[in-house]
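Colleague: Letter by letter, the chains look like this.
There are 2 protein chains.
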Amino acid sequence: MTHNIEQLDRLDPLAACREQFALPENTIYLDGNSLGALPKASAARVHEVVSHQWGNDLISAWNKHSWIELPLTVGDKIAPLLGAAAGQVVVTDSISINLYKLLVTALNMQPGRNTVVSEQGNFPTDLYMVQGIEALLGSQRCELNSVPTEELDDALDENVAVLMLTHVNFRSGRIHDMQRLTRLAQDKGILVIWDLAHSTGAVPLNLDACNVDFAVGCGYKYLNGGPGAPAFIYAAARHHAQIKQPLSGWMGHANPFAFSDNYEPAAGVRQFLTGTPSIIAMAALDAALDVFADVDMQAVRNKSIELTELFLSLKKDHACLFDLTLQSPADPAVRGSQLSFSHPDAYAICQALIGHGVIPDFRAPDIVRFGFTPLYLRYSDIAQAIDILATIMDHALYRDSKYNQRATVT
Amino acid sequence: MTHNIEQLDRLDPLAACREQFALPENTIYLDGNSLGALPKASAARVHEVVSHQWGNDLISAWNKHSWIELPLTVGDKIAPLLGAAAGQVVVTDSISINLYKLLVTALNMQPGRNTVVSEQGNFPTDLYMVQGIEALLGSQRCELNSVPTEELDDALDENVAVLMLTHVNFRSGRIHDMQRLTRLAQDKGILVIWDLAHSTGAVPLNLDACNVDFAVGCGYKYLNGGPGAPAFIYAAARHHAQIKQPLSGWMGHANPFAFSDNYEPAAGVRQFLTGTPSIIAMAALDAALDVFADVDMQAVRNKSIELTELFLSLKKDHACLFDLTLQSPADPAVRGSQLSFSHPDAYAICQALIGHGVIPDFRAPDIVRFGFTPLYLRYSDIAQAIDILATIMDHALYRDSKYNQRATVT
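Residue numbers (the numbering used here), protein chains in the order written: chain A, 1 to 410; chain B, 1 to 410.
Incorrect hints may have been included.
As the list claims (entries may be wrong) - What follows is a list of derived Cβ distance ranges for each label pair:
1. B:A44 / A:P111: 34 to 40 Å
2. A:A364 / B:N211: 39 to 45 Å
3. B:D290 / A:S260: 48 to 54 Å
To be verified - Simulated pairs of lysine-lysine, PhoX-like, Cα-Cα distance not exceeding 20 Å:
4. A:K402 / B:K402
5. A:K64 / B:K77
6. A:K77 / A:K40
7. B:K40 / B:K64
Derived from the structure by calculation, the hints contain no laboratory data.
For each residue, glycine too, the CB sits at the ideal point set by N, CA and C.
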């Protein structure tokens with residue numbers, strides 16, 4: 001199979017987006033699903049917020065620059081990427097903490113039901129947060145049932161309070177059918193929480209149309225909000241009156257500056273706020289979202305599929321790559337913006353790739369994971385990455401001892 | 001009483017610290033207890049982290065720049081300011097969320113006890129977080145008893161699980177006797193959580209010597225870590241084996257990158273981590289703490305007392321200031337680094353001061369609060385602030401309608 005790579009780049013409707021990122025030279029970055037690249041606008045905004053807003057305006061910046069409203073205004077910028085009407089998204093804390101708020105909220109809405117169904121191999125923190133609630137409340141009120149993926153449908157019965165799933169699996173990239181599973185669960189009276197960490201900014205989403213109850217998502221992967229950027233919560237408007245979340249801090253109070261001794265929740269998604277958010281971190285995310293302002297998510301999805309299909313197609317040209325076994329779905333329709341391959345030497349292969357300017361990541365125990373970010377990757381980057389991978393595998397360069405020393409890897 | 005203001009500034013051993021801050025011109029900033037001023041090192045560090053570490057090193061920065069260790073390394077930088085040995089402080093999340101972790105941890109350690117004693121007029125979020133736990137667990141397991149300050153001693157009995165107090169009151173600036181109250185509580189088998197929001201970086205602390213159990217503190221007030229900077233947790237080493245906190249996220253796992261389905265807490269204070277922290281926010285705080293590296297906290301305290309005493313002394317020279325009634329303790333030994341005055345027109349007076357380049361803050365319903373930050377305030381600033389305040393009060397400038405329009409105030 002032959003490809004006119006240059007032509008693909010020339011005709012790419014998203015080609016201009018790359019200019020909005022500050023990318024290191026001589027690097028092909030295939031890990032934007034772990035930490036998105038730096039948008040130039042974020043660097044500029046952080047400088048503005050630190051040096052001028054904080055430095056010059058000090059405390060008055062909270063009003064003057066509407067810092068106090070950022071969790072909601074940035075939330076409303078994310079909403080279109082989720083297929084969500086305004087007023088249903090708030091930017092706050094981390095996915096882990098936001099799941100805690102939503103899980104307890106949902107359990108409170110389901111008296112007489114105690115089970116949280118999830119799947120084995122979900123991103124671990126999602127399971128850990130349920131385990132934390134189970135340890136605190138006891139299994140009468142919260143019991144995690146994480147089942148193999150193929151048993152999910154059968155696990156949904158009238159004892160189940162909550163179905164909590166990650167839309168795109170972090171390891172394989174497999175996409176769940178959000179609409180089908182949401183409806184299946186809701187038909188049994190189950191509330192559904194979707195983790196959109198590997199979806200938001202990568203695949204088109206339709207939370208409102210799918211009648212989703214709640215969701216969380218990540219600011220630092222495909223949204224490019226910076227390392228540890230704040231996460232977000234989506235809560236369908238129909239549930240706002242029933243929210244009762246346990247992390248009832250002053251920023252979620254109906255009137256925080258009344259300094260009353262008794263908690264009274266703010267209306268809507270604002271009540272999911274807890275403490276004072278980092279404005280610098282929030283501003284970096286806010287600016288990063290501007291990259292999406294003129295971007296059609298279907299165009300992102302189309303290019304994402306083309307990039308992954310190109311990778312797979314070129315891989316077939318190299319016999320030395322046959323030992324890298326695809327662990328992602330072969331059908332791009334049910335695959336997120338990543339490709340994962342298993343190999344016994346996955347860790348060393350990752351290190352060798354990094355040593356040669358191609359950045360994937362390793363996911364224990366044996367996965368090399370490539371993330372494909374259509375906003376700043378070119379088709380020619382994919383071709384070059386395959387060439388480098390083939391060189392590494394063909395000459396077994398990954399066997400060099402320097403690629404086999406384990407360090408903490410994120 | 002006369003003062004040689006110039007001489008006070010000339011002889012000030014902390015005078016050089018002011019140079020380490022980027023301060024706006026023509027502004028006297030008396031609100032560093034709400035949002036600390038910008039350290040020049042923080043601006044430089046944020047630029048470095050965004051443009052070089054994130055921008056160039058991308059995902060590899062987590063190891064290359066030890067981002068993954070920042071919660072602990074920054075915690076160990078804070079520890080000396082707390083009178084705490086290393087390994088007991090971790091930087092994470094907000095005070096509100098950290099209180100939740102500690103309250104549940106402490107309640108778990110106190111089977112058969114359910115009461116959390118605090119005081120009325122404590123910073124509201126502290127009370128709200130207990131209320132959130134009470135609503136979740138029921139009053140059999142958690143019941144808030146917030147009493148008037150003078151009834152605190154009597155409220156401490158064998159039913160009490162936790163005493164949760166703020167060391168320096170946000171409204172009045174009154175300092176609790178940490179050593180006496182900790183001992184009094186512990187004599188009844190009560191665990192003690194101190195909120196050090198208005199203490200850390202302002203008054204010398206001796207958590208280890210006072211045998212404190214747990215504490216939380218703020219990164220964005222006297223530590224100057226930036227708006228919404230991450231907060232910290234102190235947990236005495238003797239309790240580390242018993243920690244069981246409910247927000248059991250992957251960053252607090254013993255081996256986060258094993259991606260196992262079951263939560264297993266990390267050793268020590270690391271298990272208080274939950275989600276992925278904002279590295280940009282953490283870096284700003286990290287750099288801000290370097291200002292304290294060569295600073296003696298007793299020198300900070302001495303200057304703080306001198307600044308507040310100077311303010312009170314100069315205030316006495318102006319009959320027009322007599323209506324501003326001191327609500328802080330008159331004895332500087334039991335007063336933090338602030339002075340609060342009540343006045344029926346407190347809001348408008350604050351606005352008029354801001355209009356004239358002096359920044360205090362307003363605390364509902366009727367408090368003008370002045371914060372005194374010895375690292376960047378001069379004695380001459382205090383004298384000038386009093387002159388401006390006297391002009392405003394003498395000519396009732398605060399009655400101008402433009403100073404009477406309410407906005408959100410932090």
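Colleague: Just to be sure I understand the hint, the distance between the Cβ atoms of B:A44 and A:P111 should be within 34 to 40 Å; is that true here?
Modeller: violated (54 Å)
Colleague: Verify the proposed pairing of A:K64 with B:K77, using a straight-line Cα cut of 20 Å.
Modeller: violated (33 Å)
Colleague: Just tell me: holds or violated, for the beta carbon distance of B:D290 and A:S260 against 48 to 54 Å?
Modeller: violated (38 Å)
Colleague: Straight-line Cα separation of A:K402 and B:K402 no greater than 20 Å?
Modeller: Violated, because 68 Å separates the two Cα atoms, which is more than 20 Å.
Colleague: Is 39 to 45 Å right for how far apart the beta carbons of A:A364 and B:N211 are?
Modeller: holds (41 Å)
Colleague: Given the hint that B:K40 pairs with B:K64, does the C-alpha gap stay at or below 20 Å?
Modeller: violated (24 Å)
Colleague: Given the hint that A:K77 pairs with A:K40, does the C-alpha gap stay at or below 20 Å?
Modeller: This hinted pair holds, its Cα atoms lying about 18 Å apart.
Checked against the numbered hints listed earlier, the structure breaks hints 1, 3, 4, 5 and 7; every other hint is satisfied.
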